[in-house]
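Top line first, the protein sequences correspond to chains A and B. Numbering-wise, the first sequence is residues 1 to 323 according to this note's numbering. Numbering-wise, the second sequence is residues 1 to 506 according to this note's numbering.
Honestly, the hints are just simulated from the structure, not real lab data. All C-beta atoms in this analysis are idealised placements derived from N, C-alpha and C, irrespective of residue type, glycine included. Fair warning: there could be bad hints in the mix.
[Stated by the list, open to error] Output of the computed footprint for chain B on chain A, the stretches with three or more beta carbons under 8 Å from beta carbons of chain B:
#1 16-27
#2 180-193
[Stated by the list, open to error] Listing some non-contacts, in silico: residues in chain B with all C-beta distances to chain A over 12 Å:
#3 K7
#4 L96
#5 Y121
#6 S147
#7 A184
#8 K224
#9 I239
#10 F280
#11 K351
#12 R352
#13 N396
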Amino acid sequence: MTKITANLAKYQSLLALATMILVLSLLSDKFLTVNNGWNVMRQISVNVIISAGMTLVILTGGIDLSVGSILALAGAVAAGLLKNGVALESVDLFIGFTVLGAVLAAALVGAALGFFNGIVITRFKVPPFVATLAMLTMARGLTMLWSGGFPITGLGKTFAFWGTGWLFGIPMPVWISVSVVSILTILSRKTKIGRYIYAIGGNERASQLSGLNVQKIKIFVYTCAGLLAAIGGILVTARLDSAQPNAGMGYELDSIAAVVIGGTSLAGGRGSIPGTVLGALIIGVLNNGLVLLNVSPFWQQVIKGLVILLAVIIDRASAKNKR
Amino acid sequence: MTNNEEKKIILSAKKISKRFPGVTALEDVDLDIKSGQVHAIVGENGAGKSTLMKILSGVYQHYDGQIFLDGQKIAFKNPAEARQAGIAIIHQELNLLPHMSVAENIFLGREPINRFGFIDYNKMHTKTRTVLGYLKLDIPATTLVSSLRVGQQQIVEIAKALSLDARIIIMDEPTSAISEQEVAILFALIKDLVSKGVAIIYITHKLDELYKVGEHLTVLRDGKRVDSCLLAGLSRDDIVKKMVGRDIGNYFVKNHQTSQDVVLHVVEMSLPQSGQSTRFFLRDINLHVNKGEVLGIFGLMGAGRTELLETIFGLHPEATGHIKIAGHQVSITSPEHAIAAGIGYVPEDRKREGLILSMSIAHCVSLACIAQILQYGFLSTARENRLAAKYIDKLNIKTSGIAQNVETLSGGNQQKVVLAKWLATHPKVLLLDEPTRGIDINAKNEVYQIINQLAQSGLGIILVSSELPEILAIADRILVLSRGRITAEYAQQEASEEKILKAAIP
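Based on the provided sequences and hints, a complete structural model is requested.
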């Protein structure tokens, strides 16, 4: 009985997505084409990657507002290192970076900032909202400092491949987002730490009394979120062949929207990574469809907002029915 | 009203009954409150005192029986109506807003308004000063409540009641958190209020206080009124005798054998209250539990029962003293350490502390022993389900399946899931805090049987309970805790409700 209702809830968003696809394909003959399909997938891949990390954070009952800024910083770090390297004038040393080196360094920066978020939240008991809001500002400031406020462009073909290339007929960003989603789905469902993430969000006190190291797990999820934001930043930069200092603005809201539409409770403890992918797909298809239908960008925002509201209201109603 | 005037009945409750699902909290209780009198109400934990007060103060609207105020039948729809009618209640947990001033708290919800529609602070502060002056609390009306001591906060609560012209003030354990000096001030105040004709309903565990302030006494037991009489002439023993003798109707047979091997040894454990070096939650606790033994710990509210279990379980790393498990000294500063050392802890509040309500039975059972269900580093659903199925069977958990959400289980079955969670860790010692609270009588008996079986299998068990009959029936040995100290120890054969209660009352 509970299984059926749980499955119904899962199919609810799937049904919404299917309806949207059906309606859009009737309204526009450009919508249901292979090309446009890849287009949508490529567009949402960055949001999917960030939202997967956000899902882990939200499952613990937290929130991460800093992902957009970390994305920009990581992109700028990768681009800067790749283009200019690091010159230590005092010791007359110049370090050049390969693509792999620059990417790893950028990922490390993202993970480090996420780790910092986790420390502030667990050791200094700053609410996640405030801690990551502060990081949103700080990471954006660091991006400006690093780049001098100018885009860093001309990063070479090897790097651009990560954002624009195809492998076995599938765009690179899609490969990466699918890998991230697979790994995090297994992590959340099949590993100890995944189980603990759900437990903490469900009841932090009971988790602590069951011997879970709550602080360690929270630090882990914020580090993950930072790392994944950095990966998103690398992809955005590679796609545009340019690191924009104001990249990723508002991305934290898009990813929270995907998580929420995907049925994850902001209170923590309930939800799933595949749900979030579905949420990101719904937003992506909606964006794409509205553009194809020439809906004014102003209306697009209004409609997106309404969809978020609708998703949550339906979710609440079905949660109530279950009880 | 003056002292000489005849004391008359102002509040009269007739045949009050209140039922909760599975429990009868009150049954045909009569209560007459006279003006200008302190009416004390005593009874064990769970005797129905709080329920009765919640009915009188309008918190509960559904009950059987009738209440008369000045001869008029009344039925309050909410606490505000009761306050309007002149009945104020001062709860054990004070209901003040810490970040507001004393005056704002006293006039909360009925702030005086000036002709522009703004709050008239002048009037509010003047009135506050008057009432504080009467109560001899020498603080400015603008003081923030958070900066007051608990005793002072209590007087602010009384000020709030008085500014409402309350004629009946209910005080629920008012001295549980305040110093001796403040108690003296409070008692002087109560005498003064009574001389002005106010009726006080005074709920307490502390019999000494009764003789200091009380005049009339009502004793409740198992939701029934045992006696109601004048206090004069009653001895402490008389009162204790009236309080004890509850019947939990269990048909439980104990058949486990206690071994001589000590499994848990607590030595010189003390737990200071945070920020204070002179006040303690626990003081110089020494205790031991043998294999196969059920050690009962009885204490009244605030005696330090829960703190004791929490400290053993590593939740208060600031505590002093040490712990030995099976003869080896262990350092326990977190639940992780405690579990590794072989201790399990079933907390008092299973929903807030024991279970993760959003999870399935299987997930809850494996939570504290997740290493057992790992296979090649990943969670094995098969192993997890086998583990859950084993305990569902062993503890007779009534469920539609291992995937059922624990939220939808009954209280008794939820408690069994918590027990299963700990048994799955194969503990040497199990700490049980009020394991039968809020579960029905059949489930209670099942839990007693489980405790018996666990002791039989060699576990050392500490059972904290505020229910005397329960502790007498299950425990092999009983320690009594009072104000953070162990005040008595009885073997089961020599223990009686009276002896235990006497040792427990501070």
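Holds or violated: is the Cβ of N396(B) farther than 12 Å from all Cβ atoms of chain A?
holds (21 Å)
Assertion that F280(B) lies farther than 12 Å from chain A (Cβ):
holds (23 Å)
Does the claim that A184(B) lies outside the interface with chain A hold up, using a Cβ gap greater than 12 Å?
Check passes; 38 Å lies beyond 12 Å.
Count residues of the segment 180-193 of chain A with a Cβ under 8 Å from any Cβ of chain B, then say if the count reaches three.
holds (count 5)
Find the nearest Cβ of chain A to the Cβ of L96(B) and say whether that gap is larger than 12 Å.
holds (24 Å)
So S147(B) supposedly isn't at the interface. Is its beta-carbon more than 12 Å from every beta-carbon in chain A?
Non-interface label on S147(B) holds, nearest chain A Cβ at 22 Å vs cutoff 12 Å.
Outcome, coverage of the segment 16-27 of chain A by chain B - at least 3 residues whose beta-carbon is closer than 8 Å to one in that chain
violated (count 0)
Take a quick look at K351(B) and tell me if its Cβ sits farther than 12 Å from every Cβ on chain A, holds or violated.
violated (9 Å)
Are all beta-carbon distances from Y121(B) to chain A longer than 12 Å?
holds (32 Å)
Is the Cβ of R352(B) farther than 12 Å from every Cβ of chain A?
violated (6 Å)
Is the claim that I239(B) lies outside the interface with chain A correct, judged by CB distances over 12 Å?
holds (38 Å)
Status of the stated non-contact between K7(B) and chain A (beta carbon gap over 12 Å)
Non-interface label stands for K7(B): nearest chain A Cβ at 49 Å, farther than 12 Å.
Of the numbered hints stated above, those contradicted by the structure are hints 1, 11, 12, listed in ascending order.
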